[in-house]
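**Student:** Let the sequences and hints guide you as you build the complete structure.
Take a look at the letters that make up each chain.
There are 2 protein chains.
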Amino acid sequence: MSEVLAKKAAALDAADELAPHRDLFTLDEGVVYLDGNSLGALPRHVPARMQDVIAREWGQLRIRSWEESGWWTAPERIGDRIAPLVGAGPGTVVVGDSTSVNVFKALVAAVRMAGEGRDEILVDASTFPTDGYVAESAARMTDCQIRALSPAEIVAALGPRTAAVLVNHVDYRSGRLNDLPGMTAAIHAAGALAVWDLCHSAGALPVGLAAHDVDFAVGCTYKYLNGGPGSPAYLYVRADHQARFDTPLPGWNSHEDPFGMRPAYVPGDGATRGRVGTPDILSMLALESALDVWDGVPVEAVRAKSLALTDFFLECVEAYVPAGSVSSVTPAAHAERGSQVSLSCAGAGEVMRALIERGVVGDFRRPDVLRFGFTPLYVGFADAERAAAELAALLG
Amino acid sequence: MSEVLAKKAAALDAADELAPHRDLFTLDEGVVYLDGNSLGALPRHVPARMQDVIAREWGQLRIRSWEESGWWTAPERIGDRIAPLVGAGPGTVVVGDSTSVNVFKALVAAVRMAGEGRDEILVDASTFPTDGYVAESAARMTDCQIRALSPAEIVAALGPRTAAVLVNHVDYRSGRLNDLPGMTAAIHAAGALAVWDLCHSAGALPVGLAAHDVDFAVGCTYKYLNGGPGSPAYLYVRADHQARFDTPLPGWNSHEDPFGMRPAYVPGDGATRGRVGTPDILSMLALESALDVWDGVPVEAVRAKSLALTDFFLECVEAYVPAGSVSSVTPAAHAERGSQVSLSCAGAGEVMRALIERGVVGDFRRPDVLRFGFTPLYVGFADAERAAAELAALLG
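Here the protein sequences line up with chains V and H, keeping their order. The C-terminal position of the first sequence is numbered 396 in our numbering, with every residue numbered one higher than the one before it. The C-terminal position of the second sequence is numbered 396 in our numbering, with every residue numbered one higher than the one before it.
Calculated directly from the structure, the hints in this document are not laboratory data. Using N, Cα and C, we set each Cβ at its ideal position, and we do this for glycine too. Take these hints with a grain of salt, some might be off.
To be verified - Rough simulated footprint, nothing fancy, chain H against chain V, three-plus residues with beta-carbon under 8 Å:
hint, stretch
1, 5-17
2, 63-71
3, 383-392
Said to hold, decoys possible - Where chain V lies over chain H, by a calculated footprint (3+ residues, C-beta under 8 Å):
hint, stretch
4, 55-66
5, 94-106
6, 136-143
7, 289-300
8, 352-365
9, 384-391
**Tutor:** Written as structure tokens, this is what we have:
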């Protein structure tokens, strides 16, 4: 649409140190994939690894693989691969179950840790809804009350009854980045525990779980971490909370002696305590393999590119798209922006269908949001320019 | 060891209608795999299917696969594949999460359904331990008491305070088959609900969930169902209980309108209500593919062969193994026997290691049990004879 912006895109791509990472992924020529914040693209090397897992580890070694192929220790081992991406120390992240199940573990454990007289759970009202549903159940089963508030209202609502607070780091719909350091400090000042949902931030920006003393965190691995469809989620438990982590789901995998088959439950140490039942090994090892694309990639570089991409996309939208036809619901300030741009737009569902036909894949979130996710490992500036141009062509 | 028994094995194999099914699996020449009750062998066609799932459905279709490849509906669709194997009607089984997590869902829902004044959960004390640990947590979170009893004691212990009873259909250690029809009837007569764990029976013998009015059931899929390491478990909820099924894990996948992203939880209908978060698609689709080996196989034929195999193995052990060196802890009566033979044996851990070196793969369960699982789809009578002969050679 504009030679100036197209040239700018080319220059930005030429200077992008992460650009070579695109070749690590299976992508289609001619398609701009801006839905990696829903399902990350396939790293090229994963199919061969999974063929080996299935044909040799399962097919030939069978039961021996639990030890010989390291299946048994995969949840902690892969947790340690994710830990540096979210600023967590080794031994504090364990992989397994879904985000929803991990929200339940974390919230129940947080309430149990909060102590007497604290019977309120505050929940980010704009959260991905599963967090709210599960929090409601956690509250019901621990004799707590739930209060759903916008993130901006949470700090003022903290008080002596607050047991735990569940907040999304980046809002799935608007792309707003909440203030993890500030809110966590305020939650602690009120004597409560902070549970952060990292689904839309891990792999897109620095999280700093340990640096900011976050108590618990959960997240999925199939968005910016590219683990594959429904790949298992993870649970972070702060190191100094682990010995008191009192899980509502004490499955045998978390026992201190799982093969002792002892009738009484005695929890294991460390991250292991967050395990429950036998892990989905195929999904888990696909995730482990997918994490190889992060080797040598500092998350700070990803963040810098992410902000440059979303800035540039917004610049192109501003330049190309007829005034008034879309408006950004993603905050303009870098400190409040995740790695997506959400545009409200009349007829957004239809518009997204048409965009996808034109080879620009984002997604639609009710009622009126066009959501474009920018995954810095495989999306470039020319992609951002083309997405804006196709959107303008549709709305022009 | 004995020409007579070797000839008998050959005759039994020749007459075995299920024998051709062995070719559907990847097995090693020279190895007798009697650990399919821990991890089922790999069906030969699964690697090619999974290559397609990974390279095309994830790699090329990406996010579109949730609809176009049927990922979203997989939990219910695969549940309907498992249903006939356990005697359940369509729409009553849903696949997802681990057995431990499903025990939690089923027990909490059962207690909530049991009504006022019922505050006791009875648990099979010989159960696989995770069931007991999770039952303890379910009891704690629903203000119930737990009583751990041997299956033989359970019926006499039922009373007006009993809310729910959790029993293993086949005991993982001894291989004892518990009386599902009789115990379920007694539990109902006492006004309580029955939760059966089918891990060691599904795919090995007829279960008859609907015929016997079982309230809830759970089971894993990586043993006799050959779904792959840690493949997702399933939950059965009796059709007439579904509308009252009040889950402790109300994740967004179970919502009546999951993509509405509505702040209030409204459960969906039917088996869907047992879903929680985003399912592990790779593990789930490997399971779906693996279930193809059951096409046209009546579970009654599997049961007949299973009993013939375990009878014949016991006959060979009796004939070959020095008197007094092993004794069977698996009941002799067919009505009380699952699809495994457990032999107590001094130094069982060492003996099993040596047996595995000789190409007979069973497993060891503390303190002194040699466990041999007979999976009728791919184990034959000559395998049983050889296993007994190798054991005799070691103990002779």
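**Student:** Next step is simple, just say for each hint if it's right about the structure.
**Tutor:** Hint by hint, here is what the structure shows:
1. Three residues within the 8 Å Cβ limit are the bar, and the stretch 5-17 of chain V against chain H gives 0, so the coverage statement is violated.
2. Coverage of a stretch by a chain is defined here by at least three residues with a beta carbon nearer than 8 Å to that chain's beta carbons; for the stretch 63-71 of chain V and chain H the count is 4, and the condition holds.
3. For the stretch 383-392 of chain V, the stated coverage by chain H is not satisfied: 0 residues place a CB nearer than 8 Å to a CB of that chain, which falls below the threshold of 3.
4. Look at the stretch 55-66 of chain H against chain V: 9 of its residues bring a Cβ nearer than 8 Å to a Cβ of that chain, three or more, so the hint holds.
5. Counting residues of the stretch 94-106 of chain H whose beta carbon lies closer than 8 Å to any beta carbon of chain V gives 6, which reaches the threshold of three, so the coverage claim holds.
6. With 4 residues bearing a CB less than 8 Å from a CB of chain V, the stretch 136-143 of chain H meets the requirement of three and the coverage assertion stands.
7. By the rule of at least three residues with a Cβ nearer than 8 Å to a Cβ of chain V, the coverage given for the stretch 289-300 of chain H is violated, with 0 such residues.
8. Evaluation of the coverage hint for the stretch 352-365 of chain H: fulfilled, as 3 residues show C-beta separations to chain V shorter than 8 Å, against a requirement of three.
9. As drawn, the stretch 384-391 of chain H meets chain V at 0 residues by the rule of a beta-carbon pair under 8 Å; below three, the given contact is violated.
Checked against the numbered hints given earlier, this structure breaks hints 1, 3, 7 and 9; the rest are met.
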